[in-house]
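*Asks:* Given these sequences and hints, build the entire structure.
Chains as they are written, first to last, in our numbering: chain A, 1 to 334; chain B, 1 to 349.
Incorrect hints may have been included.
To be verified - Straight-line Cα separation of at most 25 Å, PhoX-like style, residue types lysine-lysine; simulated pairs:
#1 B:143 - A:218
#2 B:127 - A:218
#3 B:95 - A:218
#4 B:14 - B:127
#5 A:175 - B:283
#6 B:97 - A:96
#7 A:218 - B:14
Worth flagging that the hints you see were computed from the coordinates, not collected in a lab. Computed from a predicted model, the values in this text were never measured in an experiment.
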Amino acid sequence: MATTETPSVTDRARLIAAGAPVVGAYFLKHTPVFVLGDEALLFAVGDGEPKRVAVHGGGILAAACDGERIVTGGDDGKVAATTADTTTAVVAADPKHRWIDHVAIAPDGAVAWSAGKDALVQPRKGEPRKLEAPSTVGGLAFAPKGLRLAIAHYHGVTLWFPNAVEAAPERLEWKGSHIDVTFSPDGRYLVTAMQEPTLHGWRLVDSKHMRMSGYSAKVRSMAWTFDGKALATSGSPQLIVWPFAGKEGPMGKQPRMLAPAEHRVSMVACHPAKEVTAVGYEDGLVLLVRMADGAEVLARRPGGSPVSALAWDADGTTLAFGTEDGEAGVVNLS
Amino acid sequence: MIDQSTADESSADKIPVTVLTGYLGAGKTTLLNRILSEPHGQKYAVIVNEFGEIGIDNDLIVGADEEIFEMNNGCICCTVRGDLIRIIEGLMRRKGKFDAIIVETTGLADPAPVAQTFFVDEEIGRKAKLDAVVTVADAKWLKDRLRDAPEAKNQIAFADVILINKTDLVSDADLLEVEARIRAINPYARLHHTQRCAVPLAEVLHRNAFDLDRILDIEPQFLQAGDDHHHHHEHGHHHEHDHGGLKHYHDEDMQSLSLKTEKALDPDKFFPWIQNLVAQEGKNILRSKGILAFKDDPQRFAFQGVHMMLDGDHQRDWRDSEKRESRIVFIGRELPESMIRKGFEECVA
Numbered sequence: 001m002a003t004t005e006t007p008s009v010t011d012r013a014r015l016i017a018a019g020a021p022v023v024g025a026y027f028l029k030h031t032p033v034f035v036l037g038d039e040a041l042l043f044a045v046g047d048g049e050p051k052r053v054a055v056h057g058g059g060i061l062a063a064a065c066d067g068e069r070i071v072t073g074g075d076d077g078k079v080a081a082t083t084a085d086t087t088t089a090v091v092a093a094d095p096k097h098r099w100i101d102h103v104a105i106a107p108d109g110a111v112a113w114s115a116g117k118d119a120l121v122q123p124r125k126g127e128p129r130k131l132e133a134p135s136t137v138g139g140l141a142f143a144p145k146g147l148r149l150a151i152a153h154y155h156g157v158t159l160w161f162p163n164a165v166e167a168a169p170e171r172l173e174w175k176g177s178h179i180d181v182t183f184s185p186d187g188r189y190l191v192t193a194m195q196e197p198t199l200h201g202w203r204l205v206d207s208k209h210m211r212m213s214g215y216s217a218k219v220r221s222m223a224w225t226f227d228g229k230a231l232a233t234s235g236s237p238q239l240i241v242w243p244f245a246g247k248e249g250p251m252g253k254q255p256r257m258l259a260p261a262e263h264r265v266s267m268v269a270c271h272p273a274k275e276v277t278a279v280g281y282e283d284g285l286v287l288l289v290r291m292a293d294g295a296e297v298l299a300r301r302p303g304g305s306p307v308s309a310l311a312w313d314a315d316g317t318t319l320a321f322g323t324e325d326g327e328a329g330v331v332n333l334s
Numbered sequence: 001m002i003d004q005s006t007a008d009e010s011s012a013d014k015i016p017v018t019v020l021t022g023y024l025g026a027g028k029t030t031l032l033n034r035i036l037s038e039p040h041g042q043k044y045a046v047i048v049n050e051f052g053e054i055g056i057d058n059d060l061i062v063g064a065d066e067e068i069f070e071m072n073n074g075c076i077c078c079t080v081r082g083d084l085i086r087i088i089e090g091l092m093r094r095k096g097k098f099d100a101i102i103v104e105t106t107g108l109a110d111p112a113p114v115a116q117t118f119f120v121d122e123e124i125g126r127k128a129k130l131d132a133v134v135t136v137a138d139a140k141w142l143k144d145r146l147r148d149a150p151e152a153k154n155q156i157a158f159a160d161v162i163l164i165n166k167t168d169l170v171s172d173a174d175l176l177e178v179e180a181r182i183r184a185i186n187p188y189a190r191l192h193h194t195q196r197c198a199v200p201l202a203e204v205l206h207r208n209a210f211d212l213d214r215i216l217d218i219e220p221q222f223l224q225a226g227d228d229h230h231h232h233h234e235h236g237h238h239h240e241h242d243h244g245g246l247k248h249y250h251d252e253d254m255q256s257l258s259l260k261t262e263k264a265l266d267p268d269k270f271f272p273w274i275q276n277l278v279a280q281e282g283k284n285i286l287r288s289k290g291i292l293a294f295k296d297d298p299q300r301f302a303f304q305g306v307h308m309m310l311d312g313d314h315q316r317d318w319r320d321s322e323k324r325e326s327r328i329v330f331i332g333r334e335l336p337e338s339m340i341r342k343g344f345e346e347c348v349a
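*Replies:* See below:
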């Protein structure tokens with residue numbers, strides 16, 4: 001538990017008033033960019049006033065980033081891609097102006113999005129592809145290799161090769177509403193978050209089920225450690241880390257529980273090169289947690305609203321955070 | 001299962017959500033257009049099923065497909081509206097841009113999954129609160145629908161506010177008849193007689209019907225029906241003799257049951273009893289609410305429920321002027337009255 005003795009890096013933080021709920025944070029090259037719930041991206045360039053760039057005509061509902069561009073989905077029915085020079089291009093527009101609920105970027109740069117039951121992929125070249133899911137799409141994730149998309153929905157996940165027109169999509173079934181999905185970095189496991197406070201997983205080689213339960217709230221944030229051997233998650237008043245090393249993944253194993261606190265974890269972000277995870281809590285607290293021994297460093301004192309965004313830059317020297325009430329910050333750790 | 005809401009969650013910060021129900025053709029869209037076009041200075045986000053029926057420009061009108069999701073939480077009748085969770089979460093990203101949310105359901109919808117969404121989903125419950133279920137009923141056709149459409153009966157049973165609309169199409173006698181039919185199912189809702197859904201908006205919005213602090217309207221509402229002046233007068237005149245000229249009907253399957261005792265209750269008996277009751281009979285209990293006086297407890301305890309979901313909390317000190325009595329109301333289908341009455345009596349301290 002963080003105490004007055006906990007080492008602190010809070011004096012290294014540059015605080016930014018975002019002026020709107022922060023719903024995501026990313027780094028484009030070295031520039032921290034905050035995704036705001038209202039309609040804009042906020043570029044925290046240098047030490048000056050952050051630059052606000054409106055990218056949608058309405059709220060931003062979803063965002064993804066590959067380091068080169070931030071792809072956003074808006075309630076204006078548009079999918080937009082914004083680059084480090086703050087220019088925005090429209091990737092697609094839903095003909096019926098439906099909300100774009102989810103977006104994802106493939107390793108090769110293809111972009112996926114969903115509107116209602118429809119999942120769409122815009123490959124790097126050619127026409128967009130569309131697949132109708134059995135119910136409204138709850139989450140999208142590209143496999144780490146090849147162009148394969150996981151589409152979470154009610155009662156399971158559909159795995160789809162958008163470029164293979166003949167191949168029928170594969171269905172992984174599990175009862176209930178799946179609201180988020182992620183592939184393990186080695187592509188061997190697929191994990192979903194559910195409407196109930198639980199995760200579900202499949203080992204893809206044999207579709208064997210994995211149940212990961214014990215949370216006190218829906219899991220809204222999942223992050224793989226840099227080596228892909230563990231999955232850090234929110235949803236409990238401590239950091240929950242599931243082991244994915246070995247053949248069986250987390251099956252039959254207990255998760256590690258680190259950094260217990262008074263309030264629940266709302267966001268997690270794993271360091272890109274070290275066994276350190278940034279952990280944001282519902283009371284605004286942000287801790288850096290060393291996975292080996294659970295040692296904690298204070299990055300933001302508790303106060304205000306839940307932490308709703310956390311991101312490391314590619315070098316792992318800078319951490320960006322944001323809260324539901326629009327308080328943002330950049331902590332320089334170099 | 002009774003969630004005791006934590007004190008730091010101020011209900012004033014939550015966005016109120018009004019649920020608009022009514023059978024096909026009763027006039028929901030008319031009411032919605034009225035709400036959106038009147039100069040009230042409020043900005044509403046509206047979740048609708050049929051795009052394009054609303055004639056008002058509003059960038060916060062969202063189309064939804066009613067998606068009923070079962071919850072794997074051991075609660076057999078517990079369903080939520082998955083689309084609503086997604087849309088309300090999306091709207092909350094634009095917090096500050098609107099004052100309230102209105103959810104229009106399809107004519108055949110059961111209001112329960114909408115209401116249960118606010119009990120079950122913690123994030124939604126933290127940011128938004130159910131304000132009231134408002135049901136629009138067709139004065140001419142409701143009687144028939146109560147016979148042949150279980151959905152219509154559910155919508156009446158569930159309502160906090162009922163508009164008997166299109167009163168210009170029926171005679172005064174027919175109107176009394178339909179009102180009596182409604183009262184047989186739900187004597188607790190506020191009733192209004194309307195033409196083209198003309199009703200002061202304060203009567204349908206910001207009702208706080210699900211606010212534990214406002215569970216005061218637990219007495220049957222026989223008196224306040226009628227916005228039409230002429231009718232109102234006539235209504236009052238007859239009241240002393242026969243409940244405003246209302247005939248008494250007994251609906252074969254949907255009833256309300258009201259229990260009362262002046263003896264203090266034992267919380268260690270009451271909570272297991274009510275939790276067991278809704279676990280067993282929750283499928284048939286559409287709504288429940290109550291104000292309770294526990295032994296040696298200076299505070300009133302209020303609770304309310306939707307099917308198996310219960311929400312309760314200590315409310316405030318009993319006032320000296322108040323009679324310390326416990327009152328509970330159930331609205332439901334084929335309620336086992338004698339079993340419920342006996343169980344309640346056994347909760348006395």
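*Asks:* Taking the hints in turn, state whether each one holds.
*Replies:* Tested hints:
no.: 1; hint: B:143 - A:218; in the structure: violated (44 Å)
no.: 2; hint: B:127 - A:218; in the structure: holds (15 Å)
no.: 3; hint: B:95 - A:218; in the structure: holds (21 Å)
no.: 4; hint: B:14 - B:127; in the structure: holds (5 Å)
no.: 5; hint: A:175 - B:283; in the structure: holds (21 Å)
no.: 6; hint: B:97 - A:96; in the structure: holds (23 Å)
no.: 7; hint: A:218 - B:14; in the structure: holds (20 Å)
Hint compliance for this structure: hint 1 alone is broken.
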